[in-house]
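A.B. asks: Next come the chains, spelled out residue by residue.
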Amino acid sequence: MVKASASAQAPEEPRELFRVHPERPIIEVKGLNFYYGDFQALTGVNMTVKRNKVTALIGPSGCGKSTFLRLLNRMNELIPGTRVEGELLFEGVNLYDPGVDPVEVRRRVGMVFQKPNPFPKTIYNNVAYGPRLHGLREARQLDHMVERSLKSAALWDEVKDILHQSALGLSGGQQQRLCIARAIAMQPEVLLMDEPTSALDPSPPAASKSWSRNSNKAILL
Amino acid sequence: MMQIPQAQAITGSRVPAMAAAPLTKRKVTSTVREARIRRVFVAAGFFSVIIMGLIILFLFKEGLGLFSTVSVKDFLFGEFWYPTYDPADFGIFPLIMGSVAVAALSSAMAVPLGVGAALYLGEVASHRTREILKPAVELLASLPSVVLGFVGMVVIAPLMQQWWDIPTGLNVLNASMMLAIMAIPTIASISEDALHAVPRDLMEASLALGATRLETLTRVTIPGAISGMGTGVILGMSRAMGETMVVLMVAGGAAQIPTSIFDSVRPLPATIAAEMGETPFGSEHYHALFAIGIVLFLLTLGFNLVAAYVSRRFQQKGAATL
Amino acid sequence: MSRHNLAMRHLRQNLAFGLFRLIMLAVLGALGGILVYVFIHGVGAISWEFLTQPPKNSMTAGGIFPAIMGTLYLTVGALLVALPLGVSAAIYLSEYATEGRALRIVRLGIQNLAGIPSVVFGLFGLALFVGYFKLGVSIAAGSLTLGLLILPTIIGASEEALRQVPGTFREASLGLGATRWQTIRKVVLPAALPGILTGSILGIGRAAGETAPIMFTAATFYTMGLPRSPLDQVMALPYHIYVLATAGTHIEQTRPLQYGTVLVLISLVLGLSLVAIIIRTRMRKTKQW
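Residue numbers (the working numbering), protein chains in the order written: chain X, 1 to 221; chain D, 1001 to 1322; chain Y, 2001 to 2289.
Hints are not guaranteed to be accurate.
No more than 20 Å apart at the CA atoms, straight line, and that leaves these computed lysine-lysine pairs for PhoX-like [what the hints assert, rightly or not]:
#: 1; chain 1: X; residue 1: Lys160; chain 2: X; residue 2: Lys121
#: 2; chain 1: Y; residue 1: Lys2285; chain 2: D; residue 2: Lys1134
#: 3; chain 1: X; residue 1: Lys115; chain 2: X; residue 2: Lys65
#: 4; chain 1: Y; residue 1: Lys2134; chain 2: D; residue 2: Lys1061
For the record, the hints were derived by calculation from the structure and aren't laboratory data. Bear in mind the structure is a predicted one, so any value in this text is a computation, not a measurement.
Chain X with its partners taken away, still in its complex shape (with noise of 0.2 Å):
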């Protein structure tokens, strides 16, 4: 089913400047290097992530994973005074060339946080966030999309019923999990994970594998 849908959009959507190539990595990091200010949190790094499985980042707290997770979709750059230095190629273009849009990055690499981070909103609403903003408007469209995404997320049956009231309500672990569903309805080609076991009932990767399995993405963790 994930399939035929990740199938039936690739005509609308001309990918100019992300271009597919099976046998590449999807992610390839050259000589990064970042700085808060004058101080320098990450050194050198290289390393690639490949399509289609998953990869945990592992070392003690501290060192700089989330800071190197949150490069891969942009995110450092709303903390002011970060710099980066180095290649951070994803699908072949350097995320941080000029020419590429933060938001359209965004898209691609979705990312699930530490915390869980529901906004003050419905369950239902909180999913069809991201559909919403990038145009997806029909109702039937959406409940589909809601529903579907839920269902890789494991959050389906325990919430399927109270769509309609607030995502505060949930408990920590549902709320990680309406994020992680929240973050598949985007339909990335990346997901980042940053340390969301903590606050997870069934694991992440089981939870998200059957929507992984068949199609063109990586999961970082």
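Mind docking chains D and Y on chain X? Use the hints.
C.D. replies: Below, chains D and Y without anything else, positioned relative to chain X:
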């Protein structure tokens, strides 16, 4: 009626006296002393409440005297304010309409501009620009009202008169403009605080889903800050309603119901300020001015209670927690 | 989800942000314009004589010295009233109060006090201090009225300053066997002092610029010399501006003096606020905790 403030005043002053004086030769234990010190601060805390009570009491004590000769209905809805005629007319309806006209028009100008400036400060300006402009806006909020009254009277009024060939530049429009200039920094500063208080992680969540900054602003940040911004707007309007010097100097002073923005009006605070100086202590006119004070007090109290209600709802919202 | 759609979304953002920027420029332009205009017209009137001499020739010449001194007396008096009361109330709110009905009532009282129009404070001062306490139209009555007016400002700033003192400071002191009051006096208050100072300066600025509350409680058109006791009437800068601009017999003739007085008042009030803001910014940057 007079005994209540005295009783309050006495308890207010006796508590500190008790704590300051060593009562007996017996050594006072530290627990007892601590309890007394505590009582001093509790009393200081309640002082504002006592002052509120005293303000209400004295306004009513001096103002209610009028209603032995004038009915409340004739006072509020009477169309003629001729306090020095014989017999005098004490109808404040034109004054109320003057206040309403000026407050409404100034809000219509100040709210979009104040909120727009807040959105610029909170969402568009770079970190550095914001660090400079936010204090500058706060600085301008402290501009004394008599200065704006002066500018409206000496600079703007003659210009208006020339440009539009109207009988006087001291009118609703001019007063509203000056009031708006006064209210904008207040609205902008409080609204920006409210935008700033929206949890960062909600904005990050939205941006991470591929929303533009404008979309994040309209769908996440503004909904999260709306109560705080509402509080700022209401407080700004309340201030416009109660502000004295600008309307005293710029509104023109004619006690008439305005039919155009170029009409002169005499808002409630201007009436009090203009006439109190020439009124014999204890006369009917004196009581009437206090009665206007009651109306003004109740109007602004209403605004403030609404603002308090709105901001309380604001506090209940917030980031999700585990 | 096409690129065209994305371009539209960016265009919309640029338009909206451009509008916000324009509004900010307009607001700053209007306020800055007023300041510059007053400066240009007023700076010519400023001289040593203007600042140190009383008015002469039925107000058409001479200076504003008595008005400057009157404003000084009134604001210092207001601070003497508001500072002890305000800081004590803030200590109650931040150190002693517990959630409950009493605290809600106190907060409601302070909030509403802050929202009362200044002319109503004037009426209250007239009825209570001038009339009931028989202080007459005097520095004392005006200072008390202004003091109550700035009380909420002082309470607000002081409470914020006290709350920013970390709880660990208090715990450390209490853990060493200090009593609550000793902790407040020796640890919390010193740490909160810069914030309280900022609030006081803001309060002074507010009190110096207010006109309506002193119109019936303290201010007068003209005095021969300086006041000799707290029960004397005084001239004050804001009231002086109002009177010269509206009620003088030579309104056009005294125009330069009016601009000069406005410039002095603006410099005084904005100068004080600027000092407060600078202290606050410095404090936030250099805070060690």
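A.B. asks: Straight-line Cα separation of lysine 115 of chain X and lysine 65 of chain X no greater than 20 Å?
C.D. replies: Holds, because 15 Å separates the two Cα atoms, which is no more than 20 Å.
A.B. asks: Has the given pair, lysine 2134 of chain Y with lysine 1061 of chain D, been kept, meaning a C-alpha gap of at most 20 Å?
C.D. replies: holds (17 Å)
A.B. asks: For a C-alpha distance cap of 20 Å, please report whether lysine 2285 of chain Y and lysine 1134 of chain D respect it.
C.D. replies: Measuring from Cα to Cα gives roughly 16 Å; hence the hint holds.
A.B. asks: Check the hint pairing lysine 160 of chain X with lysine 121 of chain X against an upper bound of 20 Å on the C-alpha distance.
C.D. replies: holds (16 Å)
Of the numbered hints stated above, none is contradicted by the structure.
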